[in-house]
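Visitor: Chains as they are written, first to last, in my numbering: chain A, 1 to 180; chain B, 1 to 447.
Just so you know, the hints here were simulated from the structure itself, not pulled from any lab data. Heads up, a few of these hints could be off.
[Claimed, not checked] Computed cross-link-like contacts, DSS-like style, restricted to lysine-lysine with a CA-CA straight-line distance of at most 30 Å:
1) B/Lys97 / A/Lys54
2) B/Lys363 / B/Lys63
3) B/Lys362 / B/Lys280
4) B/Lys362 / B/Lys191
5) B/Lys280 / B/Lys191
6) B/Lys293 / B/Lys280
7) A/Lys54 / B/Lys363
8) B/Lys293 / B/Lys97
9) A/Lys54 / B/Lys280
10) A/Lys54 / B/Lys362
11) B/Lys293 / B/Lys128
12) B/Lys362 / B/Lys293
13) B/Lys162 / B/Lys97
14) A/Lys54 / B/Lys293
15) B/Lys63 / B/Lys214
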Amino acid sequence: MPPREGIYGLIAEFNTPSELVHATEQARAAGYRRMECYTPYPVEEAAEALHFHKTRVPLVCLLGGLMGVTTAFLMETWVNVWGYPLNIAGRPLFSWPAFIIPAYEWTILFAGLSAAFGMIALNGMPQLYHPVFNAPNFRNGATTDKFFLCLEASDPKFSLSETRAFLEQFPAISVVEVDH
Amino acid sequence: MSLGHEHNGAADGHHQSAHHGPRTLPSALAAPEIVDVWRTRLLMVAALFALLTIPFGFSHEGKNHILRAYLLGYMTCFSFAGGGLVLLMLQYVTGGKWGLLLRRPLEAMTRTIWVVGLMLLPILFFMKHLYQWALYPTAAATAEALAAHAITAEQAMTADAKRAMLSPASATLQSAVIFGVLLLITYFLNKWSLQRDADPARGTQGSFDAWRIKFENLSGIGIFIYVVLLTDGAIIWIKSLDVTWYSSIWGLQFLVGQGYAVLALSILSVILLSRYEPIKTLLRTTEQHDLGKFAFAFVMLNIYLTFAEFLIIWSGNVPDEIPWYLNRIHGGWWYVCTADFLFHWLVPFTLLLSRDLKRNKKKMIWLTCWMIFARCVDMFWLIEPNFKDAAGNLHISGNIGILAYITVPATVLSLWGAYYLTQLKARPLVNVNDPHLEEILEPEHAH
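Using the sequences provided together with the hints, build the complete structure.
Guide: Structure follows, in structure tokens:
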């Protein structure tokens with residue numbers, strides 16, 4: 001993929017989480033939607049101010065679980081009825097009670113792995129490059145004691161001059177352009 | 001995908017913006033007046049079903065069915081009273097803000113133990129109509145019954161071997177000990193709970209710690225004692241309906257079943273109360289969500305134990321054990337057995353998987369009522385096939401008295417519920433001398 005050119009967004013750096021949350025709320029009220037907060041630790045109010053939507057991880061987890069239970073049950077059925085039919089204590093070949101426990105274990109295994117890998121995939125990982133790292137002090141600040149709000153250029157409301165003016169009304173340490 | 005703000009889940013969600021500081025504790029913590037209305041309604045339901053029960057008394061085998069159905073009602077009430085006690089003790093030993101709002105409802109359940117003890121009296125009085133070992137209480141009577149082909153040789157030998165435990169005098173004594181010990185624990189936990197709130201040093205770390213340790217010290221050993229006593233109770237009241245039956249998982253299964261029922265009832269109680277002050281301010285979606293997850297765990301553990309018991313016996317395929325299941329699967333019981341599986345596990349399991357449902361007040365009300373109903377279906381499946389006329393032969397024609405299994409438990413549970421509500425009204429609805437109170441007053445977050 002050729003590198004994308006141009007501006008990714010405007011990023012504002014704040015000293016405290018409450019300033020960040022306030023700015024995020026105002027940005028949403030002003031009509032911005034494509035934005036993201038970057039904080040050194042989970043700030044639930046920020047997620048709330050972004051109106052962070054639900055994720056698809058539960059769905060992926062459920063589908064994984066269903067896939068696990070079906071795979072295991074069908075596999076056991078095949079093994080016992082067609083693959084290697086053995087007479088075990090005179091029981092029917094299709095002795096479903098005996099299949100339940102492995103099917104249950106596979107449900108958990110598949111659901112767990114789907115949840116973990118689904119979460120990683122939905123997070124867009126692995127990601128070797130992200131434009132926000134171009135902002136000064138982001139690399140250090142976002143992992144220690146600074147709070148960032150990025151209004152992205154893909155937002156229809158985004159305009160370099162107006163958005164900059166909008167962000168500068170807050171007590172931000174800096175408001176900078178971030179290139180792709 | 002919804003972009004909506006799913007802050008409070010419920011339709012009546014009193015939206016509070018985050019980071020606007022904690023809410024204040026309502027000044028009046030007493031139960032709302034509406035509890036009286038609920039109690040009246042329950043008494044009306046009880047009266048209605050009691051009237052409906054009367055005709056069954058005149059049907060064939062009707063009196064026996066009423067007695068068996070009463071046993072079901074009794075055992076379910078015991079689940080709430082005893083299970084309430086063990087969940088209360090569990091909350092004291094684990095701590096955590098999830099259970100703070102449950103404490104007073106659970107205490108109210110424990111204070112019904114003496115009534116549940118009295119409810120056992122009819123069963124003890126009519127025990128020879130329920131238990132074979134009570135009908136033939138001595139070795140001589142058993143030998144006579146065997147000679148008359150009233151019982152099988154296996155039943156006779158087992159009854160003789162188990163006589164020390166299963167005889168009218170011994171069963172009565174064991175029941176008395178069970179209720180005596182439970183009443184004692186209930187007395188102290190309830191007394192201390194009021195003293196804790198009235199503590200002059202309340203609100204200080206010293207007071208928190210002193211009371212926490214005091215409750216922990218009784219509750220830790222109390223849980224152990226309860227599990228032993230419950231195992232004994234489950235054996236003499238339910239399991240010994242079939243004198244030859246044994247299963248080492250039975251006590252644990254009842255314990256988990258009680259956790260299932262009690263959680264359902266306590267979630268139902270706090271959600272219904274949350275329509276009114278003070279619980280309206282105190283019940284956050286976060287805690288409701290946590291309780292839903294806890295109930296989910298019990299749903300899972302319950303099927304795990306039930307299925308494990310079945311799988312082990314099915315694998316063993318031993319003539320001693322397998323008829324117990326055959327009596328509960330053949331002859332029409334397959335429908336009840338399947339319904340039990342669907343009602344008791346599949347429905348709550350699939351529904352409680354959903355995060356939104358756990359955070360929704362209205363849906364949780366329906367689900368918790370359903371779970372309590374499912375407990376009764378399960379108990380029906382455990383009790384009725386023990387009797388000769390029903391084993392492997394579920395029939396309703398000429399056996400209309402079996403419908404008493406609907407009316408009698410409904411009566412008994414409604415009456416118990418009315419007394420539970422009386423006890424619930426007797427105290428403020430929340431424990432105030434607890435550090436978690438401050439936590440549940442904090443604003444909650446969507447995540």
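Visitor: Checking each numbered hint in turn, tell me which of them this model violates, lowest number first.
Guide: 2, 4, 11, 13, 15
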